[in-house]
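**Q** Using the sequences plus the hints, can you model the full thing?
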Amino acid sequence: MELTRLRGFQDLIGPQAQTLAYVEQRARALMERYAIGEIRIPLLERIELYQRSTGETSDIVSKQMYTFTDRDEAGSVLALRPEGTPGVVRAYIEAGLDRSDPEQRFFYSGPMFRRERPQKGRYRQFYQFGVEVFGRADPACDAELLIMIDDLRRDLGLDFQIELNSLGDATCRPAFRAALLEYGRQHWDELCRDCHDRLERNPLRLLDCKIDVRLAEQAPKSLDYLCPECRRHFETLCDLLKAAGVQFVINPRIVRGLDYYMRTTFEVTSSNLGSQNAVVAGGRYDGLVEVLGGASVAGIGFAIGVERVALALHAARAPRAQLPRVALIALGDPAVRKATELARALRGLPLQVELLSTQRSLKAQLKRADKIGANYAVIIGPDELARAAAQLRDLGASSQREVSLDRLASELAGGLAH
RNA sequence: GUGAGUGUAGCUCAGUUGGCAGAGCACCGGAUUGUGGCUCCGGUGGUCGAGGGUUCAAGUCCCUUCACUCACCCCA
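So for the first sequence, this note's numbering puts the first residue at 592; every next one is plus one.
Keep in mind the hints are simulated off the structure, nothing from the lab. Glycine included, every Cβ here is placed at the ideal spot set by N, Cα and C. You can trust all of the hints, since none of them are fake.
With a Cα cut of at most 27 Å, we get these calculated BS3-like pairs of lysine-lysine: (1) 954 to 929; (2) 711 to 654; (3) 962 to 929; (4) 929 to 958; (5) 812 to 833.
Listed next, with one range per pair, are the computed distances between beta-carbon atoms: (6) 940 to 961: 17 to 25 Å; (7) 609 to 836: 29 to 37 Å; (8) 993 to 600: 47 to 55 Å; (9) 809 to 752: 21 to 29 Å; (10) 634 to 924: 44 to 52 Å; (11) 924 to 602: 32 to 40 Å; (12) 834 to 750: 17 to 25 Å.
**A** Following this line, the structure appears as structure tokens:
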């Protein structure tokens, strides 16, 4: 086969697709309870949107975007969205909400695209479910988002570890950054090659280093450089989370790779996922709306890695019960006509009804019924049709009895009650 | 972008010093004229990832290449 799927892209078939849908559905249900409305934005944007917000020095913008030149006269360069936040902020400003009604809460759900080397839990098209809140600078808002994540975790029956940090703001971050640069220069000879790069491009990411953990641990911590206001924000957030009973740890090495984060940043991991273990990540981005040409409005958000959560769910256990399933077996054309009609009535009960391939033998059809996991088989042949009846077979108990067609629906509904 | 591991039937894999490509599962049929699962019997199914080389002979040895997986990196 020469026309195969692209590297790092996946076909999600049957149960895999179902688990993703399940995670999305639970998250949607949560949004309803938190009174957060949906926003749907394009998958394609001008490349400049990401350059200005995500940041030229970020890995995402510098080497992971799918871009192409449009066919317009200007030769605009477009990019498949690598993350959701910039598009949501753009839409928010474009709708004039930053001026008319700045306090807004949105959720979005859909695919993102990054051209990375694929591995477990990392794909070139992947699904994010994200939440963005505008116009709320108070720590209660940060707390609410983390509580929301904890609610989802509980709802799915999973174990997540929440790690929290504060990066400071425009007042205190410069001093911290300078201290980190100084530390990096002092220890230049001990740093790994990647860290030499990091120091120049984005010194904060020095803290991400996993090669020499000790060096990263001893590096200056943003928490030690917070200005009084940032400190109060962070402490209030921690208090609120403790009061709400949300488990978390403070990890001074949580640094997000994107330029726009400030103050609160967090990462939520699951232990049964391999090395790509971040299932949720996010943080505060006051100032981003302004950078993209809007008013000065605070913002904060997070994104859930839907297939990573699905993977964790799969590793934990299989979810949800479904409707009882009935296999309809018809023998001969007149019976097929009757069965087609019957299928519709039974689906309305509701039941999962599958009309089996009517060209095949009874034996083959029963075999198929067993294979698809049907609980009941309803068999209609010429004899039954003549008596306006059907054989109702309980495939689990291997018992069978004849039921008149007009009573079949109520028999099935009744039989399923216990 | 870097590294390591793996590519043989739809799936999981075996294949000896180079010597006729196999098993289990799945699928189809039969044993049972209209009754599933269990059992037994039979059958379909192969570019041995691709290309080249060595050899009388290559799934096996050599070179190249591609894909997948995991890790680095990065992140959801």
